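K.L.:
This is what each chain is made of:
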Amino acid sequence: MMAAPVDDLREEDPRSDQQLIAAINDGDADAFEVLYRRYRDWVANLAYRFTGDRELALDVLQETFLYFLRKFPGFILTAQLKTFLYPAVRNLSISARRKAGRFQSDEKELEQIETALTTEPDLDRGDTVAAALAALSNEHREVLLLRFVDGLSLAEIASVLGIPLGTVKSRLHNALGTLRRDPRTKQHFE
Amino acid sequence: MSELNPHTEDEDLQAPNSLVEALNHLYKERVFVPPAVDDAMSREARKHLQRLQRTKPGWKPWLSWAAMAACLTLAIWLGERLTRPSGGKSFAREDINRDGRVDILDAFALARKIETGGILDPRWDMNGDGRIDRADVNAIAARAVSLAQAGPGPKRSVSIPARSRDAGEENVGSEKGPVLLAFRICCGLDNGDRLDRGDEPPVAAPGIRSFEAGGVSVLANPEPSVETERARTLAEPAERKRNRS
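Sequence lines, in order, name chains B and G. Take the first sequence: its letters are residues 1 to 190, numbered as in this note's numbering. Take the second sequence: its letters are residues 1001 to 1245, numbered as in this note's numbering.
Please note: incorrect hints may appear among the correct ones.
[Said to hold, decoys possible] Covered stretches of chain B, as calculated for chain G (at least 3 residues, CB under 8 Å):
no., region
1, 12-21
2, 25-35
3, 73-87
4, 152-160
[What the hints assert, rightly or not] Straight-line C-alpha distance at most 25 Å; calculated SDA-like pairs for lysine to any residue:
no., chain 1, residue 1, chain 2, residue 2
5, G, K1047, B, D17
6, B, K71, G, V1033
7, B, K186, G, P1016
8, G, K1047, B, Q18
9, B, K71, G, L1052
10, G, K1113, G, R1131
11, B, K82, G, V1033
12, B, K82, B, D28
13, B, K82, G, E1044
14, G, K1047, B, K186
Since the hints were made in silico from the structure, they are not lab data. These numbers were taken from a predicted model, which means no experiment stands behind them. Here a beta-carbon is modelled for each residue, glycine too, at the ideal position from N, C-alpha and C.
I would like the entire structure built from these sequences, with the hints used as guidance.
P.N.:
What follows is the structure, encoded as structure tokens:
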């Protein structure tokens, strides 16, 4: 196993995602490991957001990066790597849940899990943001999280979700409006 | 319906920093990834990418060169084969129509080429006089007849009516058979005066390759062809004359 300082070095690799992908296309396994470290936690947490199960999230993490690995050689990155990984994580999460058989496999169930996670009380902060998020519709919450938690641009969200940019803007506007009116999150807008 | 409202101003779409912080705190670091998972991924990546590195420089240039050489060889071979008129087979020079045997049809084919002014192969100068003319047609026809005489296989013969046989014996002689005569008339190489004297060309039964006429074995066309039919048609007036008498 690699030591922590090595991990740090890899995470701080100055090369961009594009450059690392070019190196992987040339067979550089270290470059792949740098990318893995860079996106590992984001993928794991996203998978957990979709599955609601830590073990399943770890399975999805591995499946996602194996899927990514099999794209080499010949993979070309045309946008942010998250826009490639997000649909993979989402679909693999649905598949993992189906295999696990713990829940129904349709997407509504997936969204219910996401909602349930959102409503988990944050005892450390005593925050009510989670409760306010649970009040949002699934579409609005997903766009809001992609924008402010996952850090995707509006165009990337449109690409990831396969919806028009105008729809993304509309959903985000409505989500923020709901939170602005919600007494539990109103103070953030004042 | 609210989703249809246009919102083009991105300022409306900004969240306060405190809200963003709260959201990130809510979803921060929920899953711990054990080192075993990292190890497994690292192993898989190295295995996959090393396999690519091993195969990449080795086979690609070699395979492309080999494929190119194979294509070139195939193209040369095909080109040579297709440009050869015989398609690779060799034929006797008397075999004008290249059907694999020398028979009366070759003589007819050469006669037709001479008459129509078709392309003449210098090899068709059978008698070596420097010209391709009727004499060469005769030579091929004679060759066709003599081949039938000298054939190694068992000859099939068909009985000819006595009248015809007598006529054949009487008239064939050095011309080696009435089929040749009929052929020559057909090709315009003879004026047919022998037929006018009452000669009747013997005709082989359908499907018979050779038959006896005038003491020699004569090749006949296996299937009745246009040429044979034409020769027969020319010979018919003599038969009708005989019947009338």
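K.L.:
Under the constraints set out in the numbered hints, which ones does this structure not fulfil?
P.N.:
1, 3, 4 and 14
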